[in-house]
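Listed here are the chains, written in short residue letters.
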Amino acid sequence: MPEDGLKRRAEEVLGRPLDRVRLVTDTTQFMGLSRGDVLELQGKRYLITGVAYEGRFGLDEEPKHWVKRALDLEDGGRKLIKLVFYEQFDLPIGHLKVRCYRSPRKEARILELVRGRPEFMQGFTLLDAVGNEVRILDRVPGQSLDRVLDAQRIDHQTYFQTRLRDLLTKFMGCLEAISFLHAHGERHGDIRRDHIFEHSGHGGWVWIDFDYNFELAESPFGLDLFGLGNVLCYLVGRGIPTLQDLKRHRPEVLDRLDSGDLSLVIPNRVFNLRKLYPYLPEELNRVLMHFSASAPIFYERVAEMTADLGPVLALLP
Amino acid sequence: MILWNRILVGVDDGEASLGAVRYLAAVLGGSNTSKVRLLAVYKPPDPDLEPDPAALAAQAAERRLALEARLAEAYHILVEARLAQENLSTDLVETQGRSIGETIMAEQAAGGYGTVVVGRRGMTKAEEFLFGSVSSNVVHQATDCCVWVVA
Numbered sequence: 001m002p003e004d005g006l007k008r009r010a011e012e013v014l015g016r017p018l019d020r021v022r023l024v025t026d027t028t029q030f031m032g033l034s035r036g037d038v039l040e041l042q043g044k045r046y047l048i049t050g051v052a053y054e055g056r057f058g059l060d061e062e063p064k065h066w067v068k069r070a071l072d073l074e075d076g077g078r079k080l081i082k083l084v085f086y087e088q089f090d091l092p093i094g095h096l097k098v099r100c101y102r103s104p105r106k107e108a109r110i111l112e113l114v115r116g117r118p119e120f121m122q123g124f125t126l127l128d129a130v131g132n133e134v135r136i137l138d139r140v141p142g143q144s145l146d147r148v149l150d151a152q153r154i155d156h157q158t159y160f161q162t163r164l165r166d167l168l169t170k171f172m173g174c175l176e177a178i179s180f181l182h183a184h185g186e187r188h189g190d191i192r193r194d195h196i197f198e199h200s201g202h203g204g205w206v207w208i209d210f211d212y213n214f215e216l217a218e219s220p221f222g223l224d225l226f227g228l229g230n231v232l233c234y235l236v237g238r239g240i241p242t243l244q245d246l247k248r249h250r251p252e253v254l255d256r257l258d259s260g261d262l263s264l265v266i267p268n269r270v271f272n273l274r275k276l277y278p279y280l281p282e283e284l285n286r287v288l289m290h291f292s293a294s295a296p297i298f299y300e301r302v303a304e305m306t307a308d309l310g311p312v313l314a315l316l317p
Numbered sequence: 001m002i003l004w005n006r007i008l009v010g011v012d013d014g015e016a017s018l019g020a021v022r023y024l025a026a027v028l029g030g031s032n033t034s035k036v037r038l039l040a041v042y043k044p045p046d047p048d049l050e051p052d053p054a055a056l057a058a059q060a061a062e063r064r065l066a067l068e069a070r071l072a073e074a075y076h077i078l079v080e081a082r083l084a085q086e087n088l089s090t091d092l093v094e095t096q097g098r099s100i101g102e103t104i105m106a107e108q109a110a111g112g113y114g115t116v117v118v119g120r121r122g123m124t125k126a127e128e129f130l131f132g133s134v135s136s137n138v139v140h141q142a143t144d145c146c147v148w149v150v151a
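First to last, the protein sequences are chains A and B.
Note that our numbering numbers the first sequence so that position 246 is 246, with each residue one more than the last.
Note that our numbering numbers the second sequence so that position 73 is 73, with each residue one more than the last.
Keep in mind that the hints were calculated from the coordinates and are not lab data.
Wrong hints could be hidden among the right ones.
[Said to hold, decoys possible] Away from chain A, derived, C-beta distances all over 10 Å, residues of chain B:
no., residue
1, Ile2
2, Asp13
3, Ala16
4, Val27
5, Glu62
6, Glu80
7, Thr95
8, Gly97
9, Gly114
10, Thr115
11, Lys125
12, Phe129
13, Gly132
14, Val134
15, Val149
16, Val150
[To be verified] In silico DMTMM-like cross-links for lysine to aspartate or glutamate, where the CA-CA straight-line distance does not exceed 20 Å:
no., chain 1, residue 1, chain 2, residue 2
17, B, Lys43, A, Glu218
18, A, Lys97, B, Glu127
19, A, Lys7, A, Asp37
20, A, Lys64, A, Glu54
21, B, Lys125, A, Glu300
22, A, Lys97, B, Glu68
23, B, Lys43, A, Glu215
[Said to hold, decoys possible] Sample of chain B residues with no beta-carbon within 10 Å of chain A, all distances over it, derived:
no., residue
24, Glu73
25, Glu128
26, Asp144
Beta carbons: idealized from backbone N, C-alpha and C, even for Gly.
Whole structure, please, built from the sequences with the hints as guidance.
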């Protein structure tokens, strides 16, 4: 496509005029790529419209310069384009630290593995002119789980009686999805409540962002299980209560708690939720207690967690 | 046949495994009734984590060298304890997608070792949950042998 034709097509898809259009075939220097750049990847072209933002749990949103918002110049489809960015850092988890690696290769592999499965974000990988693995992702329409739950303006008991069963039913689907990854030797790597999106179309929950990896030889899925425990606690408690929160808002319950009621890994989080919400079924609380400091045994497989959680659904209103 | 005096010792780059070897030396010192195989398990670096092939190869070589050095050190401890050299062997095997604990126990089963000896690092419960533990894996998988965990 000649340059003027490229600009015309880009403006047509965008629906607005552009000051300039530049065709880019090497995405290595991703910081320099911005609105108006058109990426050409294995014959397909994508117009960058901006940079993506992400904060933990919706706070302090920061630009992720290696992730661009884009439009497919062929059909106008909205995409997220993840460019190759290697980084490694120590991820703090409670008092511990774990070396975390961002791995484009891992995410590309998982995208292939989960193609057609609605419980995962969808996308594919194209190579740029110098061999960078560029991931072209469908944007998941909807909101992250933390935003979905934050919007529930009801007291906990009403939440328990009217919402929890549906939410945990959807969470079971999330667990089965992660189990599928593990069965294929892959891990999600960054399980957090804001990495689950509620799809505004089909209403299902969708896992996003699979590019973190770790060197975990003896317990390859331990970090994923830890994340799933946190999401479960968040769902059951409609937020994970911390000792600081309780001191401020429910100081009378502090006397009931001991160190065994707290998270094994992050010891200011309360996992023995039945001490805060006595109407929770004991069977549900028992699942949570596998992640507590007093747990005699841990879950080593997601299947163990689903086996315990599944029957609990029938006990919920 | 599983024989108690065929002893498999897991050796890694941590101090705890050398402690296990020293304990074994103290127990068996001067004896010639047991055959001891010192086993180091090599886990290749993950290409997901290191995109540069040259750096990956360098990491792999470094890991192997460290394990070979540790095997030599462990062998020396047992020789010093007057275990007959003909009863001692060393080996370095690769994980091939398994965990280190699984690899040790696969070697145990294949070799008919009646006793497995491993060290135990001072991990917290939280670390064990998140990262796993070789000694715990070995204990969980053991079915027809004795496991000595030296802490």
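Tested hints:
no. : hint                   : verdict
1   : Ile2                   : holds, 25 Å
2   : Asp13                  : holds, 12 Å
3   : Ala16                  : holds, 14 Å
4   : Val27                  : holds, 26 Å
5   : Glu62                  : holds, 14 Å
6   : Glu80                  : holds, 31 Å
7   : Thr95                  : violated, 7 Å
8   : Gly97                  : violated, 7 Å
9   : Gly114                 : holds, 24 Å
10  : Thr115                 : holds, 21 Å
11  : Lys125                 : violated, 6 Å
12  : Phe129                 : violated, 5 Å
13  : Gly132                 : violated, 3 Å
14  : Val134                 : violated, 6 Å
15  : Val149                 : holds, 14 Å
16  : Val150                 : holds, 18 Å
17  : B:Lys43 with A:Glu218  : holds, 11 Å
18  : A:Lys97 with B:Glu127  : holds, 10 Å
19  : A:Lys7 with A:Asp37    : holds, 10 Å
20  : A:Lys64 with A:Glu54   : holds, 7 Å
21  : B:Lys125 with A:Glu300 : holds, 14 Å
22  : A:Lys97 with B:Glu68   : violated, 28 Å
23  : B:Lys43 with A:Glu215  : holds, 10 Å
24  : Glu73                  : holds, 22 Å
25  : Glu128                 : violated, 8 Å
26  : Asp144                 : holds, 22 Å
In summary, the numbered hints that this structure violates are 7, 8, 11, 12, 13, 14, 22, 25.
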